[in-house]
Amino acid sequence: MTAATLSLHPDRLLPADRHVRDIARTLYAEVKDLPIISPHGHTDPSWWARNENFDNATNLLLVPDHYLFRMLYSQGIPLGDLGIPDASGSPVADPRSAWRTFAENYYLFRGTPSRIWLDWVFAEVFGLDILLQRQSADHYFDTINDQLKRDDFRPRALFERFNIEAIATTESPLDSLSSHKTIRESGWGGKVITAYRPDPVVDPEFEGFVANLRKLSDLTGEDCFSWSGYLTAHRKRRTFFKEMGATSTDHGHPTAKTADLSPQDAEALFDRVKTGKASSDDAENFRAQMLTEMAGMSLEDGLVMQIHPGSFRNHNQSLFDRFGRDKGADVPVRSEYVEALRPLLGKYGNERDLTAILFTLDESVYSRELAPLAGHYPALKLGPAWWFHDSPEGMRRFRRQMTETAGFYNTVGFNDDTRAFLSIPARHDLARRIDCGFLAELVAEHRLQDWEAAEVARDLAYNLAKSAYKL
Amino acid sequence: MTAATLSLHPDRLLPADRHVRDIARTLYAEVKDLPIISPHGHTDPSWWARNENFDNATNLLLVPDHYLFRMLYSQGIPLGDLGIPDASGSPVADPRSAWRTFAENYYLFRGTPSRIWLDWVFAEVFGLDILLQRQSADHYFDTINDQLKRDDFRPRALFERFNIEAIATTESPLDSLSSHKTIRESGWGGKVITAYRPDPVVDPEFEGFVANLRKLSDLTGEDCFSWSGYLTAHRKRRTFFKEMGATSTDHGHPTAKTADLSPQDAEALFDRVKTGKASSDDAENFRAQMLTEMAGMSLEDGLVMQIHPGSFRNHNQSLFDRFGRDKGADVPVRSEYVEALRPLLGKYGNERDLTAILFTLDESVYSRELAPLAGHYPALKLGPAWWFHDSPEGMRRFRRQMTETAGFYNTVGFNDDTRAFLSIPARHDLARRIDCGFLAELVAEHRLQDWEAAEVARDLAYNLAKSAYKL
Amino acid sequence: MTAATLSLHPDRLLPADRHVRDIARTLYAEVKDLPIISPHGHTDPSWWARNENFDNATNLLLVPDHYLFRMLYSQGIPLGDLGIPDASGSPVADPRSAWRTFAENYYLFRGTPSRIWLDWVFAEVFGLDILLQRQSADHYFDTINDQLKRDDFRPRALFERFNIEAIATTESPLDSLSSHKTIRESGWGGKVITAYRPDPVVDPEFEGFVANLRKLSDLTGEDCFSWSGYLTAHRKRRTFFKEMGATSTDHGHPTAKTADLSPQDAEALFDRVKTGKASSDDAENFRAQMLTEMAGMSLEDGLVMQIHPGSFRNHNQSLFDRFGRDKGADVPVRSEYVEALRPLLGKYGNERDLTAILFTLDESVYSRELAPLAGHYPALKLGPAWWFHDSPEGMRRFRRQMTETAGFYNTVGFNDDTRAFLSIPARHDLARRIDCGFLAELVAEHRLQDWEAAEVARDLAYNLAKSAYKL
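Residue numbers (our numbering), protein chains in the order written: chain A, 1 to 471; chain B, 1 to 471; chain C, 1 to 471.
Looking at chain A on its own, in the form it has when it is part of the complex (with noise of 0.2 Å):
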């Protein structure tokens, strides 16, 4: 049995009605060819540091990819099965077979954005035209593997193709940044910027938290066990991040609290969490004071702030035993902005030199929380679609449910957040095609002039994430 085809259809993810297409092609054809402003996402700098040849179809594309195992594992498929390794060190599949179960299960990812980004992927980047199915496992993993060891397949040749103009990555505190050196020293022009994700040093629950701290201290030379020495070693790395491109901090909290502490206060709450021993309502007070101090640090030194809120990390615990994080076991939960934002807002939600910029993976709380908030305080914006909801229909609801309160210009563009770097133009495209439709839509029916959703098409795929993140 041969393969079934594979074509990337010009109109793909456009709206199916044939007068609202025509419109969004129209739009469409305004952006498709835009630079990628990339400024939030989870690619490994080294990539482009060492510019080494990837390795292989299976440990490029389905070993680091959690959405992919986690609908495979769903299925009640082993995760050895598809090459990744846990942590008794039990045997794993060898990529050639890995991959080939990953072909025979690949349509479940039937309706899933997975499965759109990986056939642009598959079709753009390495030219297949047949579709990953069991009879056609070896071809593709022959075909993509032949084409990595090519120069023109390495990380620096990739980023020029795929007509990237920015992109930020996301470290901690702890990091000494090495390969963000080693890029701005190697005079390849590719702009490859860093982001603040203080998570380890700030979450009292982060696994190492208190010896996180102490390599805080001598990373910087400050006492971190004092309250002014910690807050001082924030600003003294953030400084140092913004020197090596950073124009954004990162924060992945449980919840959205905040709080507004006297500093006598504060202060009493650090000495309590930075002891390890946190009772969990410690613990969260002090995420909630920290995002209020990290505020205040983003009005001195300019960074955009960014709050990822609502994860239930790790819900699978024995999965979590076996094979650690980012397993495909992270849940949403239910979120709460109104309340949880008041103090940071009370303190610096009036401040125009401040950008935060929301993100949720509660969608209930979009009509009736954040467009609210972000069509009121100056320093709040509204990220896109997050995670789950990183998708058509996802971002479909994203735009009907923000828009009519908090407008186009309260909203920051597309960022894919993702460690998936061969998938990054996928996902940029996937992103402009469905903004173009709801455009079009709201001009088929005269809620919009022509013209003005040509602007906003624009302003949506490139130049709102430009300003917003200050790129």
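Treat the hints with caution; some may be incorrect.
Claimed, not checked - Facing chain B, from chain C, some residues (calculated, C-beta under 7 Å):
id: 1; residue: His9
id: 2; residue: Arg12
id: 3; residue: Leu13
id: 4; residue: Asp17
id: 5; residue: His19
id: 6; residue: Ser74
id: 7; residue: Gly111
id: 8; residue: Thr112
id: 9; residue: Pro113
id: 10; residue: Arg325
id: 11; residue: Asp326
id: 12; residue: Gly328
id: 13; residue: Ala329
id: 14; residue: Ser364
What the hints assert, rightly or not - With a Cα cut of at most 30 Å, we get these calculated DSSO-like pairs of lysine-lysine:
id: 15; chain 1: C; residue 1: Lys149; chain 2: C; residue 2: Lys327
id: 16; chain 1: A; residue 1: Lys347; chain 2: B; residue 2: Lys277
id: 17; chain 1: B; residue 1: Lys470; chain 2: B; residue 2: Lys181
id: 18; chain 1: B; residue 1: Lys347; chain 2: C; residue 2: Lys327
id: 19; chain 1: A; residue 1: Lys181; chain 2: A; residue 2: Lys466
id: 20; chain 1: C; residue 1: Lys181; chain 2: C; residue 2: Lys149
id: 21; chain 1: B; residue 1: Lys181; chain 2: B; residue 2: Lys215
id: 22; chain 1: C; residue 1: Lys277; chain 2: B; residue 2: Lys347
id: 23; chain 1: A; residue 1: Lys32; chain 2: A; residue 2: Lys149
id: 24; chain 1: A; residue 1: Lys277; chain 2: C; residue 2: Lys347
id: 25; chain 1: A; residue 1: Lys347; chain 2: B; residue 2: Lys327
id: 26; chain 1: C; residue 1: Lys191; chain 2: C; residue 2: Lys466
id: 27; chain 1: A; residue 1: Lys327; chain 2: C; residue 2: Lys347
Rather than coming from a laboratory, the hints here were simulated on the basis of the structure. No experiment lies behind these values; they were computed from the predicted model shown. Glycine is no exception: its CB is placed at the ideal position from the N, C-alpha and C atoms.
Guided by the hints, dock chains B and C onto chain A, whose structure is given.
Just chains B and C now, with coordinates in the frame of chain A:
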């Protein structure tokens, strides 16, 4: 650079699909000229009492409209630049300059209902045929102001031109209703009635609550510091409001909580809150008990009850301190109705002679709580999509999430809930177009016959509001 | 005045867009004649055991259907007028008079799924070609009753005419399953099986819980007032149900809470609840623990587990006092799954041989909680849009919000969950049409190839239910 054109397309807001649009157009033709029933809103009765010319474009259209300046403020524009005064008496922009700022930033409203309402006002009321932009700011300001000086732009003339059959304003029990008296005694035929909004004397956390009780005593000759005198005072004022045309009451509580205390417990609670030193629990319980008391009085006097819960008022404390209430800083919070309404419904929910109309700012309760409740209890009806959700997409979500469980006949048509008088026809027109579009989808999918859809369209546009509100 | 016509359009419920509809029509042609798998519902097995003629239109179609009389009641129609008896034995309308009341008010169901199901029953089962209205009431009543007397309208004949391959009823562990026995021994080939619904002996707040434990002891010969005897009794009854064809259990709890207590703590908890004087906390914890116990037993005996949480039962106390359960006064409440299911999932979530099918009445958890959970845990699957959401728009929301994270293959096709036997084909047909419409949208937007959509359509209509429920 010349300004872009402005024209209202006859098919605006109807579904894009050509076949569905044809059906929608036919339905819309049935309802577009029906008189406006505006059973709930916040217009100022003194306009029609005094019938004086409106001032100028800025003071009529911008300064009182918190939908507009909250969006402009969110993008960093100081309220003073929009002509909005603060408590300290800081200088504010003059009307022309404020209008120019508005015009330059009018693009921020792309995709919002404000844009749709305003374009209608500009084109239909003032005959403008270019878009509001920086380059048309002065033309707009002068054109509008010139017309506002004319007799046919006075409040009564506009009321008649707008084909308003009845409009309700909203007043506190402490209001003398002198404007309503003036209107009734003027001989002018316009039907302007009041509605009983007792929050200032029902909510122990309302500013001046104790003083308000004193005023209520003075007004009614009752001792409003005794539980029975307080209840009698309500009855007297309700009767007076009814004499001035009122057919409804309105209750703007933080939550939908109701209570059904014994008379002794209710009196004891009242004795605590009347001191002005109620705990927040007591305050919440008192509001809860008063909703049930008001339902009981509605059963006596026939006033229709409206419940508008779920807004966190004045979220931005420093803005509130400088500029006061209603400055665009009210934010919805998550709401709960199933437990909250049970005490009231246990007592009065089965009464066929009571009508309690529920509103919400939390769309997640549409299909989960409100439609099932209204689809069962005879006393309950569903108010239209409210405030932030009074918009094309908001209304579509309302119909899609409510209709399958509650049907059309447990809803009460549209109300505009606005103080922006000139936009009232635009708001009703928008609602009619969206409802006709929704009905057209049902017809196109053969879920409803065309003649039935036409009947429902007329009911939604006119009959249901008229009968639910007894107008 | 003659009644309007009634005819079922062949394209009903398919998307309005002509291009998408063409694709949907092709997909629908693939599935429309597939046999019905009805793996979960509430039909009465005695119908097929006795195979007696149904009574009359009112008693067959109106009196047992709480979807219908809740809507009529919400508009002020007394239940007695619909032929529904109360506890006091007040006189009720005779069947013809009740039918007339229903007919006059049939317009209330415009836009609801009941209307779609009933029109199908009227047209397809009874050959009616005019709409149910006041003027056609008697014609309907007589036509339906005449046919109900015929042999080809007996339960078994209809079962065969409806092309039902398998149907599951739901019984309590206290049920003798005598009807199922009769059916099996009758030689009739229809596959009617039971499902194990232990709420009456698992929920300490169920009416008669202690008496039910006594009955369970009698039935099984176990001492159901000892923890081990109680668990053994469950095992015995599950085995008996399995012998009578059961492939599943069903759990209708107020919340999704689960627990994983030590055997000692579980026993101590049981000792408290078996007295019939459990606190509501104990009751909730016992239900929670029992879900985990049931999961463990499912792993032993292979019965598929269904969890149906989130309904506030009998919200209207005075109606309950007069008319009893299931009178349309059950209302969904906000639900939470991520924390609630963690104990059960921590113990059994990674088991590939367990299937737990989750349902919800709270659509806000679709994309936030259920899809991410089912997209990870091997033991979890997603039941279809349930109860108030078993409707065209409800199903569309389900697919749009679930598919991108959970895919199609973590869902289990459709089940009708109904006691309205005659509407079962209409319900499955509606689901097939909506699913084909959704798939057609994916094809039209080039998110799925046409042959893949056809494969998925067959899976959703038939294969997934069959395999998930082991039928």
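Verification of the supplied hints:
1. Taken as an interface hint, His9 of chain C checks out: its beta carbon lies about 4 Å from the nearest beta carbon of chain B, inside 7 Å.
2. Nearest Cβ of chain B to the Cβ of Arg12 of chain C: about 4 Å, under the 7 Å cut. The hint holds.
3. Given the 7 Å rule on beta carbons, the hint for Leu13 of chain C holds: about 6 Å separates it from the nearest Cβ of chain B.
4. Because the closest C-beta pair between Asp17 of chain C and chain B is about 5 Å apart, less than 7 Å, the hint holds.
5. At its closest, the beta carbon of His19 of chain C sits 10 Å from a beta carbon of chain B; the interface hint therefore is violated under the 7 Å criterion.
6. Interface restraint check: Ser74 of chain C against chain B, minimum CB-CB distance 5 Å, threshold 7 Å, status holds.
7. A least Cβ separation of about 4 Å between Gly111 of chain C and chain B falls short of the 7 Å threshold, and the interface hint therefore holds.
8. Among the interface hints, the one on Thr112 of chain C holds; its C-beta lies about 5 Å from the nearest C-beta in chain B, closer than the 7 Å criterion.
9. A distance limit of 7 Å between C-beta atoms decides the matter here; for Pro113 of chain C the minimum to chain B is near 6 Å, and the interface restraint holds.
10. Checking Arg325 of chain C against chain B by beta carbon gives a least distance of about 14 Å; that is not within 7 Å, so the hint is violated.
11. A distance limit of 7 Å between C-beta atoms decides the matter here; for Asp326 of chain C the minimum to chain B is near 12 Å, and the interface restraint is violated.
12. With a cut of 7 Å, the hint placing Gly328 of chain C at the interface with chain B holds, because the nearest CB-to-CB distance is about 5 Å.
13. At about 5 Å, the closest approach between the beta carbon of Ala329 of chain C and any beta carbon in chain B falls short of 7 Å, and the interface hint on this residue holds.
14. Look at Ser364 of chain C: its Cβ gets to within about 4 Å of chain B, closer than 7 Å, so that hint holds up.
15. A C-alpha spacing of about 28 Å is found between Lys149 of chain C and Lys327 of chain C, which places the hinted pair at or below 30 Å, so the restraint holds.
16. For the hint linking Lys347 of chain A to Lys277 of chain B, the alpha-carbon distance of about 28 Å falls within 30 Å, and the restraint holds.
17. For the hint pairing Lys470 of chain B with Lys181 of chain B, the CA-to-CA distance comes to about 21 Å; that is within 30 Å, so the pair holds.
18. A threshold of 30 Å between alpha carbons decides the hint, and for Lys347 of chain B with Lys327 of chain C the separation of about 18 Å falls inside it, so the pair holds.
19. For a cut-off of 30 Å, the pair hint linking Lys181 of chain A to Lys466 of chain A stands: about 23 Å separates their Cα positions.
20. Pair hint Lys181 of chain C plus Lys149 of chain C holds up; C-alpha atoms about 26 Å apart against a cutoff of 30 Å.
21. Between Lys181 of chain B and Lys215 of chain B the CA atoms are separated by roughly 20 Å; this keeps the pair inside 30 Å, and the hint holds.
22. In summary, the hint linking Lys277 of chain C to Lys347 of chain B is supported, as the alpha carbons are separated by about 28 Å, within the 30 Å threshold.
23. This hinted pair checks out: Lys32 of chain A and Lys149 of chain A have alpha carbons roughly 29 Å apart, not beyond 30 Å.
24. With a C-alpha separation of about 28 Å, the suggested pair Lys277 of chain A and Lys347 of chain C falls inside the 30 Å cut-off, and the hint holds.
25. Between Lys347 of chain A and Lys327 of chain B the alpha-carbon distance is near 18 Å, which keeps this suggested pair within the 30 Å criterion.
26. Distance restraint check for Lys191 of chain C and Lys466 of chain C: the Cα-Cα separation of roughly 13 Å lies within the 30 Å cut-off, and the hinted pair is therefore satisfied.
27. With a CA separation close to 18 Å, the supplied pair Lys327 of chain A and Lys347 of chain C stays within the 30 Å bound.
Consistency note: the structure conflicts with the earlier hints numbered 5, 10 and 11.
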